[in-house]
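Just need the whole structure built from these sequences, with the hints factored in.
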Amino acid sequence: MTEGKPHVHEHAAGHSDVPSDLTLRVKALESLLVEKGLVDPAALDAIIDAYESKIGPRNGAKIVARAWIDPAFKQRLLNDATAAIAEMGYAGRQGEHMVAVENTSKVHNMVVCTLCSCYPWPVLGLPPVWYKSAPYRSRAVIDPRGVLREFGLELAPEVEVRVWDSTSEVRYLVLPERPAGTEGMGVEELVDLVTRDSMIGAEKLRAHVRGATP
Amino acid sequence: MSTPDRTANAPPLDQPAFARLPRDTGGPVFAEPWQAQAFAMAVRLSAAGWFTWQEWAQALGEQLRLAAARGEPDDGSHYYEHWLAALEQLVLAKGLSNREMLRERKEQWAEAYRLTPHGQPVELSAAMHGDHAHARVLGN
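Chains as they are written, first to last, in this note's numbering: chain A, 1 to 214; chain B, 1 to 140.
Calculated from the structure, these hints are not laboratory results.
Be aware that one or more of the hints could be misleading.
Which residues of chain A face chain B? A partial, calculated answer using Cβ under 8 Å [claimed, not checked]:
(1) Asp17
(2) Leu32
(3) Val39
(4) Ile47
(5) Gln75
(6) Leu78
(7) Cys116
(8) Trp130
(9) Ser168
(10) Glu188
Calculated cross-link-like contacts (lysine-lysine; reagent style PhoX-like; alpha-carbon spacing at most 25 Å) [claimed, not checked]:
(11) Lys36/A with Lys54/A
(12) Lys204/A with Lys62/A
(13) Lys36/A with Lys106/B
(14) Lys94/B with Lys106/B
(15) Lys106/B with Lys106/A
Glycine included, C-beta positions come from ideal geometry on N, C-alpha and C.
Following this line, the structure appears as structure tokens:
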């Protein structure tokens, strides 16, 4: 409470800077919703904490690494991704209906949400800025090979490209190809190889990615 | 689980198509605290059943479409502004608040910041004396 502060503060150099219009709009909305009992500040904090520190692409990487070393799990993942992912302990909002699509030497899958930014939160966290941008949302469908080229991935002409448009009901996880030269690796090492972008289909994994960026 | 490949549903070509893609090297999830708060409010309200996630996607998609129609460059950096606009719009549409209350409360927060000494936590009560909240607000 700021009431009852010594009067001298009224004349001191600084009052608090009025924050941005966006901050004020959010504070207005939040305080009104809290007063009406529609949201609980502690619940909001818990959501923010989860997405900032617990839910992220490492969840997806663990699924991918397990699919690479466990053929039965991989089959379950491709047959019913929602169940297979729940089996790994990752469930929750925006992951209710998951579909896993497998990249091979002949087929390259990539994921977009042309409407807004639907994305499999429980396994990948929140989407990267480019995924939410208008250029990606429009170009991924029109010119997927051009988009992939911009990401540094030049696909051979004989590789079939499949673009999956996410919706509020169905989210996609790309199962990237296991890179050559990783046969001897353990699961932890494999998890470290799997990048976020590879699980959106914007990147192909290479074994030497490991250690390339310190 | 039988959603077909929807590549046929290409979006209209009137966007600044073939603009360069913004890049992202895995920075923070939220650039500013208000983004996190707006994000969490939408998730909570939907989880509580005030709107479905399908309604949310429609509302957000509409804001993104409006921004594109206004010719705003959409490189993803204004994403949470559109998110907030969609949230306000749904809150109004579902009767959870009204435009006047939102506007008035925003002014009260601005006033609270102006009246709170620097370094002190800013509380709404700073702008609301007793039961008649508006007296101080109007005074500025």
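So, going through the hints one by one against the coordinates:
1. Asp17: Holds. Min distance 7 Å.
2. Leu32: 5 Å, holds
3. Val39: Holds, about 5 Å.
4. Ile47: Interface hint status for Ile47/A: holds (4 Å vs cutoff 8 Å).
5. Gln75: Violated, because the Cβ-Cβ distance from Gln75/A to chain B comes to roughly 15 Å (cut-off 8 Å).
6. Leu78: 11 Å, violated
7. Cys116: Holds. Min distance 4 Å.
8. Trp130: 5 Å, holds
9. Ser168: 4 Å, holds
10. Glu188: With Cβ-Cβ at 20 Å, over 8 Å, it is violated.
11. Lys36/A with Lys54/A: Distance of about 29 Å is beyond 25 Å: violated.
12. Lys204/A with Lys62/A: 17 Å, holds
13. Lys36/A with Lys106/B: 16 Å, holds
14. Lys94/B with Lys106/B: With Cα atoms ~20 Å apart, Lys94/B and Lys106/B stay inside 25 Å; holds.
15. Lys106/B with Lys106/A: 55 Å, violated
Checked against the numbered hints given earlier, the structure breaks hints 5, 6, 10, 11, 15 and satisfies all the rest.
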